[in-house]
Amino acid sequence: MSLLEVTDLKTYFKTQEGTLKAVDGIGFILEKGQAMGLAGESGCGKTTAALSIMKLLPANGYIAGGKINFMGQDMSRVTGDKLRAIRWRDISIIFQGAMNALNPVKRVGDQIMEPILLHENVDEAVAKKRVQELFSLVGINPNRIREYPHEFSGGMRQRVMIAMALACRPKLVIADEPTTALDVMIQAQILQLMKNLQTELDLAMIIISHDLSVLAETCDLLSIMYAGKIVERSSAVEVFANPQHPYTKGLIAAFPNIKGERRMPASIAGNPPNLINPPPGCRFSDRCYMVQDVCKKQEPPLIEVLPGHYAACHFVQPKR
Amino acid sequence: MSLRAAEEVIQMAKDIIVVNNLQVWFPMRRGFVESLTAKEQRWVKAVDGVSFNIKEREIFCLVGESGCGKTTTGKAILRLVEPTGGTVKYAGAGLTPKLIKESAETAVKKKQMKKADAEKDARSGVVEVRYLHKSKMKALRQKMQMIFQDPYESLNPKQSVYDIVAEPLVVNNLGANEAERENRVKKALDDAGLRPPKDFMWRYPHEVSGGQRQRVGIAGALVLDPAFLVADEPVSMLDVSIRSEILKLMLDLREKKGLTYLFITHDLGVAYVFSDRIGIMYLGKIVELGPTEEVIKGPRHPYTKALISVVPKPDPRMKTEKIILKGERPDPAHIPPGCRFHPRCPFAMEICKKKEPAPVFVSQEHWVSCWLESAEAKQ
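Chains as they are written, first to last, in numbering that gives the first Met the number 0: chain A, 0 to 319; chain B, 0 to 378.
Incorrect hints may have been included.
One side only, chain B facing chain A, incomplete, derived with CB under 10 Å [said to hold, decoys possible]: (1) Glu64; (2) Gly210; (3) Ser243; (4) Glu244; (5) Ile323.
The calculated lysine-lysine pairs, modelled on DSS-like cross-linking and capped at a C-alpha distance of 30 Å, are [as the list claims (entries may be wrong)]: (6) Lys312(B) / Lys258(A); (7) Lys31(A) / Lys13(B); (8) Lys194(A) / Lys318(B); (9) Lys318(A) / Lys318(B); (10) Lys321(B) / Lys258(A); (11) Lys312(B) / Lys170(A); (12) Lys13(B) / Lys109(B); (13) Lys110(B) / Lys135(B); (14) Lys258(A) / Lys88(B); (15) Lys194(A) / Lys321(B).
Just so you know, the hints here were simulated from the structure itself, not pulled from any lab data.
Heads up, the beta-carbon is just placed ideally off N, CA and C, and yes, glycines get one too.
Generate the whole structure from the sequences, applying the supplied hints.
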């Protein structure tokens with residue numbers, strides 16, 4: 000059995016203008032110890048997908064359909080104490096913007112200790128020792144557990160967040176834009192740390208980012224999301240080496256490559272569609288350079304192009 | 000005029016901005032006890048001796064980690080923060096003889112320049128930005144504008160696009176009547192690629208997309224018809240898929256309007272594809288400067304090398320050696336002695352801890368401040 004199996008997940012939001020279909024039928028499988036990247040533009044539903052797995056949706060959001068099978072339980076139906084027991088013990092999350100995710104008036108050590116004391120029947124001394132171990136694991140001096148968040152720099156705060164996510168030795172860690180607010184050098188340090196922890200602790204990870212190059216460096220699998228749907232997914236190497244969907248091709252081409260030729264990268268003109276009333280047919284059709292009549296009318300299914308490589312476009316054919 | 004002086008005039012005519020030894024130091028607040036002990040005033044040296052020039056129609060890029068002083072440098076050139084030392088000369092379009100004369104006179108009056116130097120500058124049509132009186136600065140700033148980083152925060156949510164773009168005209172009392180103003184706003188929006196302008200004019204910032212917001216910001220700068228633009232991370236908040244659209248727009252504007260840019264970014268990839276020359280900043284100083292391709296393909300300073308090595312590559316098949324520097328950038332309130340990079344430098348030698356390295360030219364336009372290069376130069 001896979002660690003996490005998401006099938007046809009639909010997460011909608013009730014808004015004044017109507018029902019916003021932020022995630023509209025996505026599916027993927029994640030095995031133990033694998034890292035999957037979830038990429039896409041802002042507003043494509045990647046964060047909503049992650050929050051659905053942890054059931055941390057805001058009040059107006061709800062899971063409208065599909066299954067989230069995590070270690071044999073359907074997370075979309077788990078509630079109450081059962082849900083609380085799973086959260087943070089088995090699945091934890093590194094929130095976007097470590098600057099704001101920590102409580103400024105509480106010592107960082109106490110903040111990390113909280114889930115340990117809550118989930119495990121241990122006394123404070125044991126929990127404190129664990130926090131110190133976690134600190135050395137993520138590269139912070141263990142003596143700093145009595146400090147407050149403002150005493151840490153941005154990169155260090157992100158390390159604190161990672162330590163907190165690892166506090167109860169979870170099976171799955173979701174990282175939402177873990178390096179977006181950080182400098183390149185600090186970003187490199189954090190990415191290296193995450194990669195090391197993943198192999199050392201045999202963690203499964205879902206890394207959410209709009210930056211494909213960050214995912215290229217850290218992930219085994221890659222899913223490309225567009226307007227609430229996964230348009231392509233495969234191993235990271237496959238997606239980069241052999242992109243099938245026009246959107247994936249566009250995203251890859253949009254990156255300047257300092258190892259390559261010096262030329263302006265291509266952009267994808269236009270904006271993603273409104274998700275309250277998405278257009279019929281392929282959601283990318285308005286921005287696609289290959290668009291044909293069929294794209295405007297019929298939604299392309301996600302087909303297996305090569306073993307393990309899926310793409311949703313009318314113009315990809317299974318290759319055997 | 001001697002031949003030498005004539006040459007200098009030509010040199011100046013090509014440069015639109017010359018920054019020489021620019022310093023921006025912020026005083027640190029002293030506590031009561033500290034003030035009693037009469038300890039020396041301590042400073043946060045955000046910009047600590049930066050020199051470069053920008054030629055007409057050039058895109059000069061400052062790259063560095065956050066806190067290295069790149070934004071402060073840009074703001075100090077426009078006098079949005081006051082420099083505490085050094086000079087900034089401007090020789091671009093929009094200077095009136097009156098302004099040039101006044102600039103020279105104030106500089107002499109403030110005893111900042113020798114009369115002869117000031118007169119020479121005035122003859123060659125150069126304005127010393129730093130000593131200009133505040134009221135005169137307003138006229139000059141019409142020609143020197145800024146594009147801000149965050150199009151989500153820098154636009155007033157309660158103003159329509161029209162009001163945002165027209166505000167510089169109102170502030171500077173430009174445009175004889177509303178009709179003329181409207182025309183100028185329409186033209187600026189059109190130049191910024193918001194076409195047709197009438198579709199965008201009466202919208203509010205929340206009604207346009209991120210890329211369009213940044214175009215509104217650019218239109219707000221263009222409406223005054225500037226010659227020189229400081230663009231502070233204009234694309235870092237935008238989605239990757241629309242970044243190059245904005246960059247292309249800025250390139251087009253350079254072609255059409257002969258604009259010159261100071262481009263500030265932390266993203267070496269963007270700097271690589273967009274700029275003509277690049278300056279790498281570390282802790283208030285430029286450590287390496289040269290033509291973009293030369294610096295990116297053949298970096299000489301250990302810091303530049305490290306920065307380039309950690310840029311994520313958009314391809315998992317490309318595994319390159321990374322030089323990950325330990326620790327974080329030191330505090331500009333406590334700049335290390337000697338070479339300011341030495342505590343993090345993998346190649347630090349004895350001399351690096353004691354003496355600050357002077358710039359060494361490694362090719363005609365490419366220089367680096369590093370003892371490693373100096374030693375080589377001596378051999």
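- Query: Of the hints given before, which are not true for this structure?
  - Reply: 7 and 14
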